[in-house]
Amino acid sequence: MTRMSNEDTRADFRRMFSWKPFLATGVAIACYAVASRQLGHPDLGPTTRLIWLLVPLVAFAWVVREHVVHHRRLDEFQRTVNARTTEIAWPLTIVWLAMVALLATAFGFPVPIPGPFGLPPDELGWVEVMMVPLLLHMVVFVVMHKRLSGLR
Amino acid sequence: MTNRVQKLRLARGWTQARLAEELDVSRQTIYAIENGRFDPSLPLAFAIAHCFELRIEEIFTPDRAEVG
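Protein chains in written order, with our numbering: chain R, 1 to 152; chain S, 1 to 68.
Please keep in mind that the hints were generated in silico from the structure rather than gathered at the bench. Watch out, some of these pointers could steer you wrong.
Claimed, not checked - If you only want the chain R side, here are some residues facing chain S, beta carbon under 8 angstroms, derived:
#1 Arg15
#2 Thr80
#3 Glu87
To be verified - Label pairs and their in silico Cβ distance ranges:
#4 S/Ala17 to R/Ile88: 25 to 31 angstroms
#5 S/Leu54 to R/Arg15: 41 to 47 angstroms
#6 R/Leu97 to S/Leu42: 34 to 40 angstroms
#7 R/Met131 to S/Lys7: 48 to 54 angstroms
Glycine included, each C-beta is placed from N, C-alpha and C at the ideal position.
Model the full assembly from the supplied sequences, consistent with the hints where possible.
Rendered as structure tokens:
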């Protein structure tokens, strides 16, 4: 079995993992979080309300665009690896969301998960709960991707 | 599936990057095919055969279990 040089591995990694979809996803989540808090203000005018409704929609449209552009750049092997990896990463994310939904049903929201970094439990809101599956998904995706694609 | 892609490539003195460029795929794909980690699609197998001016069955050999 031949081994690729470190330079080749880095070049392949750069081609398979575009930073733009990750950036777009992060920005979209931040937009969603800010917009959801802004929309909670009772004294919001109709124009401002519309703007805050549109902000996350535009951000999510950008996410979709970046993912489609990135997907088109991949060849059949990379798409196969992506598909297999996603098969594993998504169920874990869904399990996490289901677990949070169960906890929220049982105890109400915010979920009484012990707060990290000294944060009190009642500060864990939707934003924090949504960030965990995203990070979990990304970690599983990168690890499985490396295993399946032979990147070392 | 076993294949002779690496032997054929080396016989021509090509790098993986050169063959990847010829086939319009990533170098990673060539690496995966050569090491038996990935079986190419029929269009890509035809492209490889065309690239080496051989027939598909002269490059790719199915395992006994795959033949049935």
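Hints, verified against the model:
Interface restraint check for arginine 15 of chain R: the shortest CB-CB distance to chain S comes to about 6 angstroms, inside 8 angstroms, so the restraint holds. Because the closest C-beta pair between threonine 80 of chain R and chain S is about 7 angstroms apart, less than 8 angstroms, the hint holds. A cut of 8 angstroms between beta carbons decides the hint on glutamate 87 of chain R: the least distance to chain S is about 16 angstroms, and the hint is violated. A hinted range of 25 to 31 angstroms for the beta carbons of alanine 17 of chain S and isoleucine 88 of chain R is consistent with their spacing of about 30 angstroms.
For leucine 54 of chain S paired with arginine 15 of chain R, a C-beta distance near 28 angstroms fails the hint of 41 to 47 angstroms. Taking the beta carbon of each, leucine 97 of chain R and leucine 42 of chain S are about 39 angstroms apart, inside 34 to 40 angstroms as hinted. Our hint of 48 to 54 angstroms for methionine 131 of chain R and lysine 7 of chain S holds, since their Cβ atoms are close to 49 angstroms apart.
In this structure, the earlier hints numbered 3 and 5 are contradicted, and the remaining ones agree with it.
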